Amino acid sequence: AQSVTQLGSHVSVSEGALVLLRCNYSSSVPPYLFWYVQYPNQGLQLLLKYTSAATLVKGINGFEAEFKKSETSFHLTKPSAHMSDAAEYFCAVKGQGGSEKLVFGKGTKLTVNP
Amino acid sequence: NAGVTQTPKFQVLKTGQSMTLQCAQDMNHEYMSWYRQDPGMGLRLIHYSVGAGITDQGEVPNGYNVSRSTTEDFPLRLLSAAPSQTSVYFCASSTYRDTEAFFGQGTRLTVV
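Protein sequences appear in the order of chains S and X.
In terms of the numbering used here, the first sequence has 81 at position 91, counting the first letter as 1, and numbering is strictly consecutive.
Each number in the numbering used here corresponds to the 1-based position in the second sequence with 313 added.
Chain S extracted, bound-state conformation (with noise of 0.2 Å):
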């Protein structure tokens, strides 16, 4: 089975600065995993998924992930930060199959302060 770790429940950051969020994972098998973000009273929004291609992955709105077998790690960065990156921070695991559930975090709020 599948888990997910998310340490933080929220992080403030000032605008400019680095942003990480750090996501732990669990998996019996080679995982699929993801970040989603979702702005206030929206759904999810995927940022970036890791498919076992390459380790560091590129997503939208300038946001990359390093996947980190040995440390079962996906921690999300980028380099600076904006106002419109405020916003909660889901990740999310899934077994490679096709057949397993997708496995959310408990989330993590950014704050980007002026």
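Keep in mind that the hints were calculated from the coordinates and are not lab data.
Any given hint could turn out to be false.
[Said to hold, decoys possible] Which residues of chain X face chain S? A partial, calculated answer using Cβ under 10 Å: (1) G353; (2) N378; (3) S407; (4) E413; (5) F415.
Computed from a prediction, not measured in an experiment: that's the story for all the values here.
C-beta atoms are modelled at their ideal positions from N, C-alpha and C, and glycine is treated no differently.
Given chain S, work out where chain X should sit, using these hints.
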């Protein structure tokens, strides 16, 4: 393409009432699922379906029923609403072999 469409967007129910949350997708996706989102809990899987006529339980299925008579539609039924079912509900779909799930805009349900 409309993607994943959920109706209604908002609903207030009285305890004990029943209702159906609608979900439709126009992407011919085999896999559909329902999640509930509660503060600090992330998204928890209620029920899912891997194709028409096939459904299964997720992490928090109690108090909910689903059916999948067509590829496009996956309604979620609350049999007898309880205040603990106050939540935001999201429907999602994906191709069976694909990895990315597409989400609807959500239904905000309040049970009083």
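Numbered hints the structure breaks, given as an ascending list | 2
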